[in-house]
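Novice: First to last, the sequence lines map onto chains R and L. Just so you know, we're using my numbering here: the first sequence kicks off at 1 and counts up by one. Just so you know, we're using my numbering here: the second sequence kicks off at 1001 and counts up by one.
Everything labelled a hint here was simulated from the structure, so no lab data went into it. A few of these clues could be false.
[Stated by the list, open to error] Lysine-lysine pairs mimicking DSSO-like chemistry, simulated, CA-CA at most 30 angstroms apart: (1) Lys1165(L) <-> Lys1074(L); (2) Lys1199(L) <-> Lys1076(L); (3) Lys1076(L) <-> Lys1092(L); (4) Lys1092(L) <-> Lys497(R); (5) Lys1199(L) <-> Lys497(R); (6) Lys49(R) <-> Lys116(R); (7) Lys1165(L) <-> Lys521(R); (8) Lys383(R) <-> Lys403(R); (9) Lys347(R) <-> Lys328(R).
[To be verified] Covered, in the sense of this in silico footprint (three residues per stretch, anywhere, with C-beta under 8 angstroms from a C-beta of chain R), are these stretches of chain L: (10) 1031–1042; (11) 1112–1125; (12) 1198–1210.
C-beta: ideal position from N, C-alpha, C; glycine also.
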Amino acid sequence: MKRLCVLGGILCIAVFGSPPRSLAENVQLGAAADKQTAEVNDEIHLNVKITGVRGAIQAPQLPPLEGFEVFYSGRSSRFSFVNGRSESLTEFNYVLIPRSVGRFILRPIEVKVEGKSYYTNQLDFTIENAQTTAATPAASGPPAPQLTTPSYVPRAAPAVPAAPFVPPQAASSVSDEALDQNIFLKVSPFPAAVYTNQQLILTYSLYTRYDTRYEGFIEEPETSGFWIEEFPMDQNLGRDTEIIDGRKYVRADVKKIALFPTAPGQYQIKPGVIKASVQIEERASSLFDEFFNDSFFSGAGFLGRRVEKHLAPPPIRVEVRPLPEAGKPDSFKGAVGEFRMATNVDKRVVNQNEALTFQVTLEGQGNIETLVAPKLPEIPDVKLYESDTQTQLFRAQNVIAGKKSFEIVMIPTEPGELTIPGVEFSFFNPRTERYVILKSDSYRIKVNPSSVPAPAVPKGILESGLEEGKKEIRLESEDIQYIKEEQAPSGQFRPSKIVVWFVVVNGILTLISAGLAFMRKRSEYLDRNVSLKRTLFAKRYAVKGLKRLDRLVKSSMKDPKSDEIFFDESAKILNRYLSDKLDLSPHGLIQNVVEERLQALQAEPGTIEKVRGCHEICDRVRFGKMDLQGADRRLMIQNIREIIYALERK
Amino acid sequence: MKGGSLTRGIVIVGVCFWIALAAWADAEKTNPFQRANELYRNGKYQESARLYEEAAQLYESAEVYYNLGNAYFKDKKLGLAVLNYERARQLKPRDRDLLANLAYVNGLIEYKIEDKRNWFARKISQALEYVTFGECWMLALGAYFVFIVGLLVSLLGKRKLVFGKSGALALSFVIFCSLPLLLKYGEAGFARRGIVTEKSAEVRYGPSSSDRIAFRLAEGLPVALSGETEDWYRIQLKDGRSGWVPKTQVSAI
Chain R
1 MKRLCVLGGI LCIAVFGSPP RSLAENVQLG AAADKQTAEV NDEIHLNVKI TGVRGAIQAP
61 QLPPLEGFEV FYSGRSSRFS FVNGRSESLT EFNYVLIPRS VGRFILRPIE VKVEGKSYYT
121 NQLDFTIENA QTTAATPAAS GPPAPQLTTP SYVPRAAPAV PAAPFVPPQA ASSVSDEALD
181 QNIFLKVSPF PAAVYTNQQL ILTYSLYTRY DTRYEGFIEE PETSGFWIEE FPMDQNLGRD
241 TEIIDGRKYV RADVKKIALF PTAPGQYQIK PGVIKASVQI EERASSLFDE FFNDSFFSGA
301 GFLGRRVEKH LAPPPIRVEV RPLPEAGKPD SFKGAVGEFR MATNVDKRVV NQNEALTFQV
361 TLEGQGNIET LVAPKLPEIP DVKLYESDTQ TQLFRAQNVI AGKKSFEIVM IPTEPGELTI
421 PGVEFSFFNP RTERYVILKS DSYRIKVNPS SVPAPAVPKG ILESGLEEGK KEIRLESEDI
481 QYIKEEQAPS GQFRPSKIVV WFVVVNGILT LISAGLAFMR KRSEYLDRNV SLKRTLFAKR
541 YAVKGLKRLD RLVKSSMKDP KSDEIFFDES AKILNRYLSD KLDLSPHGLI QNVVEERLQA
601 LQAEPGTIEK VRGCHEICDR VRFGKMDLQG ADRRLMIQNI REIIYALERK
Chain L
1001 MKGGSLTRGI VIVGVCFWIA LAAWADAEKT NPFQRANELY RNGKYQESAR LYEEAAQLYE
1061 SAEVYYNLGN AYFKDKKLGL AVLNYERARQ LKPRDRDLLA NLAYVNGLIE YKIEDKRNWF
1121 ARKISQALEY VTFGECWMLA LGAYFVFIVG LLVSLLGKRK LVFGKSGALA LSFVIFCSLP
1181 LLLKYGEAGF ARRGIVTEKS AEVRYGPSSS DRIAFRLAEG LPVALSGETE DWYRIQLKDG
1241 RSGWVPKTQV SAI
């Protein structure tokens, strides 16, 4: 906004404040270098001075210069009225870094003013090998101060093979940052050696001689073993100029962190990698460029081409000393820094079973987050509950400070006078290298008797001890368990006894199932083979029939019609058997057919004769009404039985 | 007259009851288990161990073996204590006191044998330690009972005799329930388990004292008995090493 106002003011002056005349008034150009003989990787500062031109002017474009890297490092303008005369001066600055040995000529630089070209003078450069000049140190001037230059910036860069200058592409990465002494990152630990849990500040400072834009961290620092608190940085980075090794740098602190080591030892911190881009050459010039391109660490140079630089400082070694054992108080719990303690009680008079709050506040410089509440001594007839902890941090300059307050809820269970004893807090002061013990005052609280029961404990509040909550039951010793006084009763369920019965039952069930399955299968088979079934069952039916005949013989000897009934039944039984056995139809059974089938079955002639005889007797009795007395009936049964047995043997 | 016979009957029954009670009380006193417990309480561990051994011959129970293990432990015979705890575990594998004592006693053994079997075999072995043979049998027979009853119902229901999907499912169920039994027999069948009962057992390359000593085992360490001769056991450790050890130095569980 400020820039726009300035821009507007200049535009007003340019349009209304001056007469309409040419911007060019006796234009004069000059190009000068701070040295014309240099070493490889050295830097040559080129200054192009233009006088007699008011207002905007296009930045000159350097002619191709092989064997050099060219970086644009800013412009400056001056306009003055002296005794009614106006004078204007515009300067463009470049850094030339020779990459090869030889003699080089920078041809006249063209500057266009109102469409007219003006040219500077020609410049000659002689570039020598670095080793050549190293042999003649007297020629290189006074030695550079050793302490102010970071160790990783090379003092005499090794010879790099000469290569033709190629204008770098926008946002291309450069891998040889280590060779470039014009931009580097310095990480400073302060102090270099600390005690455990003492604050250590790590400051990241970017030193540059280019038009540079800081673009953040691409690799965060590795700080294992440290508790970290980061300082907030301003949106616009503060900058300062600093002379290092006789060179003027612009310095900006880009990051600052506070580290608190958690244990003693030797630590190595990897500072990470930052990204910055530098403008190497300006192509166009405009009124906007006049104001933006020269600014540092801003949005400068958005019209120019930029080269990306990755800056990675080497690891930092930090020594963390253990806290001294001598004089360490019992109440010490690791706090290091400078602290104050304050205590407060919200009530001086309470009723029995009514809560009051005891507050302990620790305030000072150091690692506030890791502060632990001072231990409160045992107070009889009081229930203690840890209630709340609040932390406030202040990050100012180079100090992490703040305060942490602990609230303890107390409920007196008995009336009378309650004394809250003073609490003790101790810390180690690294400045004086001594332990400091702080003690608070004790409080006397009047507890009035009350019949109100004790309040329910709020959720989230742990019963005392304050730090641990409920205690665990600890095993004090180990031994085997005692002997068994009683044996299990003998009638008790024992799988081994049941198993035997289970096996027997399962065996029986298996046999039954197998039998049933066999019967089922046999039945299914016989249903499919009717003739076989008749043959197999012929004897069974015949035997049943013979039993019926026996009953008929016993029951109806004196009945005159009994002969007819008996022989009728006999004929039926015999015919049924023969038809089943010989697989013939039981209806219309003919004697000849029966005899043929019996002969085919190779039945004995006697058997065939018996069959014939039985049929004849039956027919005579049934149809001829003969009385054959009881003896013949038994003979009939005997004959039929013999026929059955004879045929069954076949 | 009737009243007299009733009184006589009551007296006879009372006398019989008293005699039975006295006999039971006497049996309790003479029971070696109870006598051994009494000796244990009085700190006479060696004598109590002898009586527990006697009780174990009469009636095998987890309680007897457990108490025997305790008596041997108190008598500073670590190997015999582990042996009897393991015997008790075969009968009552989930008894808390027993498992606690076994873990405690095993923790006192100076050496350990790394189990180099694969994780599956280790897990199966650990799981099988929590069940007895009887329980495995019960599970398998119970599953078979369900299967066979189902088959009977199917046959009596005059359904067509087809071994379909339900039959396959039922048979799979039986096989699945029989797996613990098969695995238990598999583990016990391949090698019986034993415990080193001497302070130091010399394991040799062969079943003879003239064979070279391969390594030594400490009292209480478990071994698998993979073979035997008249006087020697061939043992195998869980880490794969094997050798021969005299039967006097190792006892089968």
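Novice: List in ascending order the numbers of the hints, as given earlier, that are violated by the structure.
Specialist: 1, 5, 9, 11 and 12
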